[in-house]
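Chemist: Given the coordinates of chain A, assemble chains B and C onto it according to the supplied hints.
Here the protein sequences come in this chain order: A, B and C. Going by the working numbering, the first sequence opens with residue 1, and the numbers climb by one from there. Going by the working numbering, the second sequence opens with residue 1, and the numbers climb by one from there. Going by the working numbering, the third sequence opens with residue 1, and the numbers climb by one from there.
Just so you know, these hints were derived from the structure itself, not from any lab. Remember, it's a predicted structure, so these values are computed and weren't measured experimentally. A few of these clues could be false.
[As the list claims (entries may be wrong)] Straight-line distance between alpha carbons at most 16 Å, and here's what the computed EDC-like set of lysine to aspartate or glutamate pairs gives:
hint, chain 1, residue 1, chain 2, residue 2
1, A, Lys108, A, Asp32
2, C, Lys93, B, Glu178
3, C, Lys129, A, Asp284
4, C, Lys129, A, Glu404
5, A, Lys185, A, Glu209
6, A, Lys185, A, Glu208
7, A, Lys108, B, Asp22
8, C, Lys83, B, Glu178
9, C, Lys93, B, Asp22
[To be verified] Selected chain C positions facing chain A (in silico; Cβ < 7 Å):
hint, residue
10, Thr4
11, Ser123
12, Asp128
13, Gly130
14, Thr175
15, Ser178
16, Ser217
[Claimed, not checked] Calculated from the model, a selection of chain A residues having no Cβ within reach of chain C, i.e. all distances over 12 Å:
hint, residue
17, Glu83
18, Ser91
19, Ala150
20, Val215
21, Gly238
22, Lys266
23, Asp308
24, Glu331
25, Pro401
The beta-carbon is built from N, C-alpha and C at its ideal position, and this holds for glycine as well.
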Amino acid sequence: MVNLFKHAKACTTAFAVAAASFMTAGHATAADDTITIGYAVALTGPNATGAGISTVPNYRLWVDQVNGEGGIEMPDGSRKMIEVVEYDDRSSNEDLVRAIERLASQDKVDLILPPWGTGANLAIAPLMARFGYPQLAVTAVTDKAPEFAARWDRSFWMLGGGHDYATGLVDVLAQARDAGTINNKIAAVSVADGFGIDLIKGARPAFEEAGFELVYDESYPLGTSDFAAIMSEAQASGADSFVAFSYPPGSFGMTKTAQAMGFNPKVFYISVGGAFPIYPGIADGKADGVMAIGGVDGTSDSVKAYFDAHTAFVGNPPDSWASAVTFASLEMLEQAIGRVGLDHGDLAAELSNGTFDTVIGQVKLEDNQLRDLWTVGQWQNGAFVGVGPADKTGAAAPVIPKPEW
Amino acid sequence: MKYVIYPVALALLAAVPFVASDYALGLLIGMVTYVTLASAWAMFSGPTHYVSLATVAFYGAGAYVVAMLNEVMAYPMILLITAGVGAAMALVVGLSTLRLAGVYFVIFSFGLAELIRQLITWYEINIYGTLGRYIFVDITARGIYWQMLALAAITIGLTAYINRSRLGLALRVIGDDEVVAAHSGIPLARMKLMAFVLSATILTLAGAIASPRWVYVEPAIVFNPTVSFLTVIMALFGGANRLWGPALGAIPLFLAFEYLSAHFPDVYPIFLGALFIGVVFLFPNGVLAGIEGLRRGKKEETA
Amino acid sequence: MFVTILILGLVLGGTYALLALGLTLQYGIARIMNLAYGELTLAAAFVLVALMQGFGISPLLTVALIGPVGYVVGSLLYTVMMKPLVARSSGGKLDVDSILATFGLLFLIQGVLLLVFGPNFTSISYLDKGVTIFGVTVALNRLIALGICVVVGGALVIALATTRWGLALRAVAQTPTSAPLVGLDVNKVARQGFALGTALAATAGATVAMYQTFSASGGVVFTMKALVIVIMGGVGNVGGALAAGLLLGLVETFVATAIDPGLTLAATFAIFLLVLLFRPQGLFGKA
Chain A
1 MVNLFKHAKA CTTAFAVAAA SFMTAGHATA ADDTITIGYA VALTGPNATG
51 AGISTVPNYR LWVDQVNGEG GIEMPDGSRK MIEVVEYDDR SSNEDLVRAI
101 ERLASQDKVD LILPPWGTGA NLAIAPLMAR FGYPQLAVTA VTDKAPEFAA
151 RWDRSFWMLG GGHDYATGLV DVLAQARDAG TINNKIAAVS VADGFGIDLI
201 KGARPAFEEA GFELVYDESY PLGTSDFAAI MSEAQASGAD SFVAFSYPPG
251 SFGMTKTAQA MGFNPKVFYI SVGGAFPIYP GIADGKADGV MAIGGVDGTS
301 DSVKAYFDAH TAFVGNPPDS WASAVTFASL EMLEQAIGRV GLDHGDLAAE
351 LSNGTFDTVI GQVKLEDNQL RDLWTVGQWQ NGAFVGVGPA DKTGAAAPVI
401 PKPEW
Chain B
1 MKYVIYPVAL ALLAAVPFVA SDYALGLLIG MVTYVTLASA WAMFSGPTHY
51 VSLATVAFYG AGAYVVAMLN EVMAYPMILL ITAGVGAAMA LVVGLSTLRL
101 AGVYFVIFSF GLAELIRQLI TWYEINIYGT LGRYIFVDIT ARGIYWQMLA
151 LAAITIGLTA YINRSRLGLA LRVIGDDEVV AAHSGIPLAR MKLMAFVLSA
201 TILTLAGAIA SPRWVYVEPA IVFNPTVSFL TVIMALFGGA NRLWGPALGA
251 IPLFLAFEYL SAHFPDVYPI FLGALFIGVV FLFPNGVLAG IEGLRRGKKE
301 ETA
Chain C
1 MFVTILILGL VLGGTYALLA LGLTLQYGIA RIMNLAYGEL TLAAAFVLVA
51 LMQGFGISPL LTVALIGPVG YVVGSLLYTV MMKPLVARSS GGKLDVDSIL
101 ATFGLLFLIQ GVLLLVFGPN FTSISYLDKG VTIFGVTVAL NRLIALGICV
151 VVGGALVIAL ATTRWGLALR AVAQTPTSAP LVGLDVNKVA RQGFALGTAL
201 AATAGATVAM YQTFSASGGV VFTMKALVIV IMGGVGNVGG ALAAGLLLGL
251 VETFVATAID PGLTLAATFA IFLLVLLFRP QGLFGKA
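Chain A extracted, bound-state conformation (with noise of 0.2 Å):
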């Protein structure tokens, strides 16, 4: 037993000492020519479909045109190459909230990039309060937005809650109720987790509020694979309009399934993934006429300069919703950076304060939020394009009914 005690105090020193080592090997700190910016971001894991298609596509697209151009220009008109510092934060909020640390005590960067999630976004917030980074929260969909925005002043929420997106939906759907095109009922089922549920429960009240009937309201599980039951019940509800606050994988089987039923709703309504560029090729290129959350300018040269660059760089299109807020977001940072430096107290104020030209367009933030959002798009000849808000610039007329798959 004794010998055992040996044996165990030795091992720990070992690991004492490379765990010090380790701990000190932190990244050369930068030169004066450099911005270190570092992001933990989910590269293996559950999350990482979504960091992968709307985060860090962007941020890698991003460094490497600015970089591109000799670097980030500062207030006194000279230029900083950007220094990327990446970790994986394994899709776990412990890893991801200790990579924070890391990347604020111990790499010292320059600026933080958020990570992907609304549960990752807040499980960072208090951190990067603390340390004082701004946080430009894109792929967080919260309708505590405002109460985050005061907790936190140096966080910006860009993507809206999940009221702004459900009374989106009710606004082209009475729309269309009124022009006599669909009847006054609805089928809508939701994904149980944070995000469908805050869809479902904005869109209760709204649909009830606009005189809609909800005659099918169910939600499922995460990680259901079969929709046929769903879909069938849907479909015997007697409701010209399907919607569905859905992820990828639900919002792909739904599609799918409906197609093999022949079930042809008026409006067939889908949430994340909708706005995705693999879409028409799982819709069996008969994606016309489906209405997805998110959008982008349809008419607007600079987002089709960006889809155009994304395409060369990473090899296909962005998606349609959040990834090209999020290359504005860093645009927006950009700007920031040229106009007051590095300081993180200066920099929350411009991008709180300021007015900035990104690729979705002239950017003013109202109380650290972005409100001047697209809500609901719709694949028309083979783009994903912004059908409301109607009264947003660029914003094309909804096409209802869908065309039959």
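Modeler: Relative to the frame of chain A, chains B and C by itself:
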């Protein structure tokens, strides 16, 4: 001697936050958390050989209790309730399942974590009305570290105590052969249940203590099955039958994961996989036993 | 409504049962609790998509040909990785060792898939056509999965029950310790069982690719599903796995239609746990 060394070591560890950077403290929290989880897991699973994949069921439940109660009562009170919830859950689960043996228990424990996750999800949506809760308690990283360190110390101390007690002896006999144990008059069910409840209570508390770092919880975030897997691997890596085995498995593996995810984010799963396979083949009874075996081998060679 | 539940449930159940056949063989005969099972099916799914998109090879051809490839891979895996574990350990120790080793394998395969195919959701559109049976429309690709399941599963059940080879497999599955006494090469039989299981995993994975969205990190979902069915059907019991898979499909469809889609997975696990508690030998096993 060890009555001096351990308190001093513990005091030193407790003093580390005063000199450590935020990241170093984060690393320590992570390490101590996994030391606690692996040690608590081994408290039951080590001697009995019942491989449980339900770690995250308890760990996540602990976090969820905090999320549900953090706005209505004081933190120490929440910890007490958490311990109660953990013990009660373990009692129900233990009473119904500990007669399962071998791989059936493994699979059951895995399914249990999923069932609890599904039920909480359903409850939150249909009864509570929303999914996702916030944890805003005034606890710093240091506070979390000290609590977790205390829990780790208690866990290892308790394990040492159990190992010498009748309970420990009984558990080892059960692990070696249940039939023999039954014939020698050991109350199988009661012994197993006691160890299971103790271990589960600690796991639940660990989840409660760690949860303020998450700020926002959702079943999908809290019931992350990776936690269960890592706990098992760490304990077995070090040697689940030894007092310090789980701790010595947890620390190097934790650091290895951290290193890999920073330096080789793309290939980290491949490294991790290769590492496990390597461990199984090279150290079948844990690294501690492996090192001992090597030493013994060398001694015999030289002798 | 009853007919709808019955048909949708059976079709869904067929895909589940197909997924579980391989695992029940691997654990039942080779005694390897393969946690990397889902990753093996995923690998096959990715191969099917890559062959279709890269070389225009028909998915049905891949489904037909991937079984033998899976057999070879499984045979190699067993020889290189599992056999040494079996050789050195006995009883409960093998369970732990195989869980650990295949857990490593899980990460290894997942890492390779991530590296080669990236983290994104993958989904193809193939034979999503509807077929109407008794007034209920089901997807053709799922129907094909059900067909493969019935044919392969049925053939296995018959082969196990009537052929000499099947007798050897059953003997090793029941009493691996005394099988050598009657002149059986346990190692060879176990390898065959494991390889056959891998072949079925690959076939199931390839069919999954036709109708479901998947990503490199989602393998554990398949493992779980398969495990539930294997336990319900009784470990190593091919017929039981078939029946349990179909039953599970029916239950999920029934719960989704008549009760609440939010409870489908909870119902699955509840049944699973109840079976484990009260009939650990499986719904169709002998006590």
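Chemist: Each hint needs a verdict: does it hold in this structure or not?
Modeler: Going down the list of hints, with the structure as the test:
1. Our distance criterion of 16 Å between C-alpha atoms is met by lysine 108 of chain A and aspartate 32 of chain A, whose separation comes to about 14 Å.
2. For the suggested pair lysine 93 of chain C and glutamate 178 of chain B, the alpha carbons sit about 15 Å apart, so the restraint of at most 16 Å is met.
3. At most 16 Å may separate the alpha-carbon atoms for a hinted pair to count; lysine 129 of chain C and aspartate 284 of chain A meet this at roughly 11 Å.
4. Between lysine 129 of chain C and glutamate 404 of chain A, the direct Cα distance comes to roughly 14 Å. Compliance with the 16 Å bound is thereby established for this hinted pair.
5. Among the hinted pairs, lysine 185 of chain A with glutamate 209 of chain A is consistent with the structure: their alpha-carbon atoms are about 13 Å apart, no more than 16 Å.
6. About 11 Å separates the Cα atoms of lysine 185 of chain A and glutamate 208 of chain A, which keeps this hinted pair within 16 Å; it holds.
7. For a cut-off of 16 Å, the pair hint linking lysine 108 of chain A to aspartate 22 of chain B stands: about 11 Å separates their Cα positions.
8. For the hint pairing lysine 83 of chain C with glutamate 178 of chain B, the CA-to-CA distance comes to about 28 Å; that exceeds 16 Å, so the pair is violated.
9. With a C-alpha separation of about 42 Å, the suggested pairing of lysine 93 of chain C with aspartate 22 of chain B is violated against the 16 Å cut-off.
10. Interface hint status for threonine 4 of chain C: upheld, as the beta-carbon distance to the closest one in chain A is roughly 6 Å, under 7 Å.
11. Using the Cβ-Cβ criterion of 7 Å, the hint placing serine 123 of chain C at the interface with chain A is satisfied: the shortest such distance is roughly 5 Å.
12. Interface restraint check for aspartate 128 of chain C: the shortest CB-CB distance to chain A comes to about 5 Å, inside 7 Å, so the restraint holds.
13. Of the supplied interface hints, the one on glycine 130 of chain C holds, with its beta-carbon coming within about 4 Å of a beta-carbon of chain A, less than 7 Å.
14. For the restraint placing threonine 175 of chain C at the interface with chain A, the shortest Cβ-Cβ distance is roughly 38 Å, beyond the 7 Å limit, so the hint is violated.
15. Hint status for serine 178 of chain C relative to chain A: violated, with the closest Cβ pair at about 39 Å, above 7 Å.
16. Restraint check, serine 217 of chain C versus chain A: the minimum CB separation of about 5 Å is within 7 Å; hint holds.
17. No beta-carbon of chain C is positioned within 12 Å of the beta-carbon of glutamate 83 of chain A; the least distance is around 24 Å.
18. The beta carbon of serine 91 of chain A is not kept farther than 12 Å from every beta carbon of chain C, the shortest such distance being approximately 8 Å.
19. Non-interface call for alanine 150 of chain A relative to chain C: holds, since the shortest CB-CB distance, roughly 33 Å, exceeds 12 Å.
20. With a minimum CB-CB distance of about 15 Å to chain C, valine 215 of chain A clears the 12 Å threshold, and the non-interface call stands.
21. With a closest Cβ-Cβ approach of about 15 Å to chain C, glycine 238 of chain A is found to remain outside the 12 Å limit, as its non-interface label requires.
22. Here lysine 266 of chain A stays apart from chain C, with its beta-carbon at least about 19 Å from theirs, past the 12 Å limit.
23. No Cβ of chain C approaches the Cβ of aspartate 308 of chain A within 12 Å, the least distance being about 20 Å, so the stated non-interface status holds.
24. At roughly 24 Å from the closest C-beta of chain C, the C-beta of glutamate 331 of chain A stays outside 12 Å, upholding its exclusion from the interface.
25. Annotated as non-interface, proline 401 of chain A keeps its C-beta farther than 12 Å from every C-beta of chain C; the closest such distance is 20 Å.
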